[in-house]
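Undergrad: The listed protein sequences derive, respectively, from chains A and B.
Position one of the first sequence corresponds to residue 17 (the numbering used here), numbered consecutively onward.
Position one of the second sequence corresponds to residue 439 (the numbering used here), numbered consecutively onward.
By construction, these hints were calculated from the structure, which means they are not laboratory data.
Do not take every clue at face value.
[Stated by the list, open to error] Quick list of in silico lysine-lysine cross-link-like pairs, DSS-like style, CA-CA up to 30 Å: (1) A:21 to B:621; (2) B:622 to B:529; (3) A:92 to B:579; (4) A:92 to B:532; (5) B:511 to B:621; (6) B:532 to B:579; (7) B:527 to B:579; (8) B:511 to B:529; (9) B:510 to B:563; (10) B:527 to B:563; (11) B:609 to A:68; (12) B:621 to A:115; (13) A:70 to B:447; (14) B:622 to A:30; (15) A:92 to B:511; (16) B:456 to B:532; (17) B:563 to A:115; (18) B:532 to B:510; (19) A:30 to B:609; (20) A:70 to B:579; (21) B:454 to A:92; (22) B:579 to A:115; (23) B:454 to B:532; (24) B:609 to B:509; (25) B:563 to B:509; (26) B:454 to A:70; (27) A:30 to B:563; (28) A:30 to A:142; (29) B:625 to A:20; (30) B:447 to B:532; (31) B:447 to B:529; (32) B:625 to A:115.
Here the structure is a predicted model, which means the values were calculated and not measured.
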Amino acid sequence: MTCKKIQNILFSAKTEELDPVERALLEKHLASCENCRAVFENVSHADRILSKVKAAVPRIRNEHALTESILASLLKEGNTEKPSMANIFFDHLGDIFCKRTVRFACSAMILFCGLTYVVMEYQDMKAIVNLEHQLGKQVDLSQASIILPGNNVLRFLYEYYKLSNGSTSYVEITNRLILMKKKDLLAFMNEYQKLDKSTRSQLDEIKSEYLKENSLALGTITQREEVSALQKEIERLKSELEKMNHKEGRQ
Amino acid sequence: MQNSEANDKIEELIEKAKVGDVHAFREIVIEYQSYAYALALRFLYDECDAEDVVQESFVRIWNHLHDFDSKKKFTTWMYTIIVHLCYDKAKSNKRRNRIFERFNKDTSELHQSGTFPIEEEYIAKETLSLIQYLADGLSEKQRMIFLLRDMQDLSIEEVSAMTGLSASSIKTNLFFARQSIRKKLVKGETTI
Numbered sequence: 017m018t019c020k021k022i023q024n025i026l027f028s029a030k031t032e033e034l035d036p037v038e039r040a041l042l043e044k045h046l047a048s049c050e051n052c053r054a055v056f057e058n059v060s061h062a063d064r065i066l067s068k069v070k071a072a073v074p075r076i077r078n079e080h081a082l083t084e085s086i087l088a089s090l091l092k093e094g095n096t097e098k099p100s101m102a103n104i105f106f107d108h109l110g111d112i113f114c115k116r117t118v119r120f121a122c123s124a125m126i127l128f129c130g131l132t133y134v135v136m137e138y139q140d141m142k143a144i145v146n147l148e149h150q151l152g153k154q155v156d157l158s159q160a161s162i163i164l165p166g167n168n169v170l171r172f173l174y175e176y177y178k179l180s181n182g183s184t185s186y187v188e189i190t191n192r193l194i195l196m197k198k199k200d201l202l203a204f205m206n207e208y209q210k211l212d213k214s215t216r217s218q219l220d221e222i223k224s225e226y227l228k229e230n231s232l233a234l235g236t237i238t239q240r241e242e243v244s245a246l247q248k249e250i251e252r253l254k255s256e257l258e259k260m261n262h263k264e265g266r267q
Numbered sequence: 439m440q441n442s443e444a445n446d447k448i449e450e451l452i453e454k455a456k457v458g459d460v461h462a463f464r465e466i467v468i469e470y471q472s473y474a475y476a477l478a479l480r481f482l483y484d485e486c487d488a489e490d491v492v493q494e495s496f497v498r499i500w501n502h503l504h505d506f507d508s509k510k511k512f513t514t515w516m517y518t519i520i521v522h523l524c525y526d527k528a529k530s531n532k533r534r535n536r537i538f539e540r541f542n543k544d545t546s547e548l549h550q551s552g553t554f555p556i557e558e559e560y561i562a563k564e565t566l567s568l569i570q571y572l573a574d575g576l577s578e579k580q581r582m583i584f585l586l587r588d589m590q591d592l593s594i595e596e597v598s599a600m601t602g603l604s605a606s607s608i609k610t611n612l613f614f615a616r617q618s619i620r621k622k623l624v625k626g627e628t629t630i
């Protein structure tokens with residue numbers, strides 16, 4: 017061992033705390049090194065001072081007064097009664113939540129729930145986006161102005177209208193669709209996809225009839241662009257119907 | 439306090455105090471308040487603060503006596519409470535910057551409030567000043583570990599249980615604390 021290491025040990029450890037090998041090395045070094053021996057003597061002197069400091073145990077100025085003061089504070093706080101079971105239970109509950117492992121477990125549980133929620137939301141969103149993609153139109157539920165002119169969305173609206181047996185007004189249906197939860201919309205879109213072609217065309221007819229009747233009313237609640245988009249859609253559907261009628265007439 | 443007879447006695451007193459026996463608790467206070475005070479004073483350097491901590495510690499001990507596991511050592515549990523209260527007190531003192539003010543108090547003022555003979559109080563005051571001088575520059579953690587291990591003669595395991603620190607962390611902190619204190623003593627050639 018070097019002098020530096022020996023002096024480090026001398027300043028930071030107590031000889032009785034050293035293991036036998038370290039102690040033997042220390043003693044061997046001290047026997048041969050005068051400089052370290054001088055340091056050892058100084059540290060021993062320092063330890064003798066510390067022993068005196070340790071022996072001079074501070075005494076309470078008035079022990080009796082302190083005892084009485086402690087007991088008085090127990091009485092003052094009404095603590096001399098035996099603790100109730102409820103107090104014991106809540107104390108233990110508090111202690112449990114103070115433990116690091118329990119805090120960690122709770123945090124992990126909250127994190128897990130949060131992540132699960134995010135993943136589920138993401139999956140829902142993904143499913144909706146896929147459906148929207150299949151239908152070739154984007155849907156933004158928060159924007160009525162985007163929902164209204166959309167061709168496929170209009171179909172949903174009419175389907176919804178049909179399901180409500182024609183008792184609900186178009187405005188109400190629109191508002192309800194805006195407020196519809198993603199899950200409901202998802203179920204609704206699935207349902208629409210399952211419809212056969214003839215039902216879909218029937219729905220188109222209902223749509224065109226409905227739009228004819230309500231175009232003015234719609235105009236009062238929607239933006240000008242939306243109304244014009246709807247009118248264009250109506251015109252397109254009309255022409256399609258006429259073509260179909262024409263074909264049927266020929267046949 | 440170390441022998442089994444004393445342990446049996448304290449266990450009996452604790453069991454009685456657990457069911458609300460104030461007289462038994464008084465015995466516990468009388469037995470241990472000086473140990474509690476010694477640690478608190480050496481850490482806080484202020485008699486009033488140390489007494490406050492001792493009082494608060496015993497109130498807590500009384501309130502949580504039902505939590506105490508009789509299989510464990512009472513002093514370890516008691517010191518754990520004192521250690522935490524000392525840290526809290528030091529923190530609040532730091533905020534109020536009271537330590538500095540109190541140490542600038544005239545010693546005669548302290549003498550008036552105490553019941554010791556002048557010489558004894560002078561030595562007590564000097565010893566406390568020496569501890570403060572030696573511990574100056576150490577962190578609260580290092581100071582507390584040094585006091586518990588080298589002044590109160592507690593084992594590394596006990597210090598670990600009281601402070602919530604690992605044995606290796608205690609050894610490291612103790613290493614720096616001892617080194618700093620001994621170097622000051624060697625360098626300053628302090629006598630007592």
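Undergrad: Hint by hint, note whether the structure agrees.
TA: Each hint, compared with the structure:
1. A:21 to B:621: 15 Å, holds
2. B:622 to B:529: Holds, at about 26 Å.
3. A:92 to B:579: Roughly 34 Å between the alpha carbons, so the hint for residue 92 of chain A and residue 579 of chain B is violated.
4. A:92 to B:532: Holds, at roughly 29 Å.
5. B:511 to B:621: This hinted pair is violated, its Cα atoms lying about 35 Å apart.
6. B:532 to B:579: With Cα atoms ~15 Å apart, residue 532 of chain B and residue 579 of chain B stay inside 30 Å; holds.
7. B:527 to B:579: Since the Cα atoms of residue 527 of chain B and residue 579 of chain B sit roughly 14 Å apart, the hinted pair holds (cutoff 30 Å).
8. B:511 to B:529: 28 Å, holds
9. B:510 to B:563: Roughly 35 Å between the alpha carbons, so the hint for residue 510 of chain B and residue 563 of chain B is violated.
10. B:527 to B:563: Satisfied, since the Cα-Cα distance of roughly 20 Å is no more than 30 Å.
11. B:609 to A:68: 23 Å, holds
12. B:621 to A:115: 39 Å, violated
13. A:70 to B:447: 27 Å, holds
14. B:622 to A:30: 17 Å, holds
15. A:92 to B:511: Answer holds: residue 92 of chain A to residue 511 of chain B is near 29 Å, not above 30 Å.
16. B:456 to B:532: 36 Å, violated
17. B:563 to A:115: 40 Å, violated
18. B:532 to B:510: At roughly 34 Å apart (the allowed maximum being 30 Å), residue 510 of chain B and residue 532 of chain B break the hint.
19. A:30 to B:609: OK: residue 30 of chain A and residue 609 of chain B at ~12 Å, within 30 Å.
20. A:70 to B:579: OK: residue 70 of chain A and residue 579 of chain B at ~19 Å, within 30 Å.
21. B:454 to A:92: OK: residue 454 of chain B and residue 92 of chain A at ~21 Å, within 30 Å.
22. B:579 to A:115: Satisfied, since the Cα-Cα distance of roughly 21 Å is no more than 30 Å.
23. B:454 to B:532: It is violated: about 39 Å lies between the C-alpha atoms, which goes past 30 Å.
24. B:609 to B:509: 26 Å, holds
25. B:563 to B:509: 38 Å, violated
26. B:454 to A:70: Not OK: residue 454 of chain B and residue 70 of chain A at ~33 Å, beyond 30 Å, violated.
27. A:30 to B:563: Holds: residue 30 of chain A and residue 563 of chain B sit about 27 Å apart, inside 30 Å.
28. A:30 to A:142: 68 Å, violated
29. B:625 to A:20: Roughly 17 Å between the alpha carbons, so the hint for residue 625 of chain B and residue 20 of chain A holds.
30. B:447 to B:532: Given that 30 Å is the threshold and the Cα spacing comes to 40 Å, the pair is violated.
31. B:447 to B:529: Status violated; Cα separation ~36 Å.
32. B:625 to A:115: 44 Å, violated
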